[in-house]
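Peer 1: Listed below, chain by chain, are the residues.
Protein chains: 2
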Amino acid sequence: MAHIYIYSPSGAVRDKAAFRRGIQRLKVLGHEVEVDPAALASVQRFAGDDAERVAAIARAAASGADVSLISRGGYGLTRILPDIDFAAVAQAAKAGMRWVGFSDFTALQLGALAKTGATTWSGPALIADIGAPDEPDDITLDCLDDVIHGHAEGTGWVMGKKQAEQLHQDLQRLGLRPEGGESVRVAEHATLWGGNLAVVAALLGTPYFPQVEGGVLYLEDVGEPVYRIERLLTQLQLAGVLTRQKAVVLGGFTEMATTAHDKGFSMKTVVARLAQQLPVPVIPALPFGHVPTKVCLPTGACVSLSVHGREVMMLWDDHDHDHDHDHHGH
Amino acid sequence: MAHIYIYSPSGAVRDKAAFRRGIQRLKVLGHEVEVDPAALASVQRFAGDDAERVAAIARAAASGADVSLISRGGYGLTRILPDIDFAAVAQAAKAGMRWVGFSDFTALQLGALAKTGATTWSGPALIADIGAPDEPDDITLDCLDDVIHGHAEGTGWVMGKKQAEQLHQDLQRLGLRPEGGESVRVAEHATLWGGNLAVVAALLGTPYFPQVEGGVLYLEDVGEPVYRIERLLTQLQLAGVLTRQKAVVLGGFTEMATTAHDKGFSMKTVVARLAQQLPVPVIPALPFGHVPTKVCLPTGACVSLSVHGREVMMLWDDHDHDHDHDHHGH
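Heads up: the sequence lines are chains A and B, in that order. Each residue of the first sequence is one higher than the last, beginning at 1 in the working numbering. Each residue of the second sequence is one higher than the last, beginning at 1 in the working numbering.
These are calculated hints, taken from the structure and not from any lab test. Treat the hints with care, since some could be wrong.
With a Cα cut of at most 30 Å, we get these calculated DSBU-like pairs of lysine-lysine [stated by the list, open to error]:
1. A:Lys268 with B:Lys16
2. A:Lys16 with B:Lys268
3. B:Lys161 with B:Lys16
4. A:Lys263 with B:Lys263
5. A:Lys16 with B:Lys16
6. A:Lys268 with A:Lys162
Fair warning: this is a prediction, and the values are worked out from it, not measured in the lab.
Based on the sequences and whatever the hints tell you, model everything.
Peer 2: This is the structure we're talking about:
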């Protein structure tokens, strides 16, 4: 059982019932839950003013908890990046704290990676994933549990049949062929990084954008018109970021708005065009994003990535690989 | 009377009545209007596929027209930036062609500035500004006319009383005091650049983002939730772009969406915070953007900028300054 610290670095918590429900569920799971004094603060759209949220991050870092979990995302981290004590974030991570969250939290994760090389976890948020009216997703809970107990050693997922066929065509075109068995090794000892596409792109050109070469970049987004998604991907492409990776992995792109004007322009055509243009594979169907089922991803850690038929397997390097991976086949 | 070339580098033209009306109005004004063969092309949401739009830009450059005017913006330029022949764009500009447009057109303008130093004009688009059902705005037409005939030598505008009071407080705090009369000189021989904020930010980190030091950066946007506007401004700020300018000039930020969750977070608070944080003045009320009344702005040209009471005056350096400026006081 773990000590979990709940804090609010981004948007103000409006759904207090879900907040309480989430805490209650974590307690029922046997965890000791500590709530930051400003977790329910509210100034404009933010969970407290900038200084308050910076202080909340510092308190989370100093809490000695096993896990610090954001209450929710929203918007609020990019504007306080210059004030965050990333050394303290990294020190806490080194001492064993797992920083967990997603969405706007991407800014804290990539800032920490850029400034200190610290590993943080992309994973659930309290309100959206633990406290929602419906029972939390089993896989999401299992993955979080693995992170909490330090058992997380990788993740795997299954692509759709057509997705897999397209990917294998692309892999072949790119000269990535199966070794030994039939597994195609796409990346080894590669830095895993990424997060919410809009937030990743919003850091480009700033000191909080990690300079990762030969990495595995994962991306997700929610509620954007498709043309914006393409514009953001194009920005990362024109900046040379995508080309410098070993693979681009796409999670959920949900609530994407298309209009009559799009006339067939869609996430599908955007992804197909991207895959065609890039000299690196674009791997679909990562269970991560603004979706109920989300795995936990160690942002900043070294990973290996391989594809076998319709299965994708991502393993963290920094773990005892003698263990059985089967139960992580989310 | 001028030779005006109409082409479509971005979104497909859907409102063909407005397209025809715009052309008719330009003809009534006495201009010779040449329409690009692909001006009404349509592939997905675009005015023809990527190669077609790249070719349309090349045809505009080769047309020998006095003015090349976009039919409309939308989305489509960032994804073809690597294929645009910017040398041809610059050569045409040098030979006297005025490239005119706004919104998505910002990508072509900043790409041209970054790659060649060419001056292009932020100004109206055919459909939104000339062909709309309502009669075109007089000032917009006058400014375009000045550009067409090479008479444009500057622009001026009047701030609101409170805006002016705040600006003068900021100018004083920044040590910018009136000389001689009561006019505060904010910038001299400074590169004027900018455009649509989302597009400006979408070029950050790419080879199409101009590296302008000590410039005058103007920005406008439409139809974005306010938090996104702030995130984009924050990106430019964290990248050091805003700090490196002599002034940031704000045009129209229209159809900005706020929600109940914003609780007082608004363009007003965003601009106030920005002005407070920046070591350079933030000058409001530029008549430019997705608004009926828009002046024409020579992106890439050298300008001087001064403030006198509620009036802001921006003059292009490269012009005979003996002329009377009064009739440009839009």
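Peer 1: Under the constraints set out in the numbered hints, which ones does this structure not fulfil?
Peer 2: 3, 4, 5
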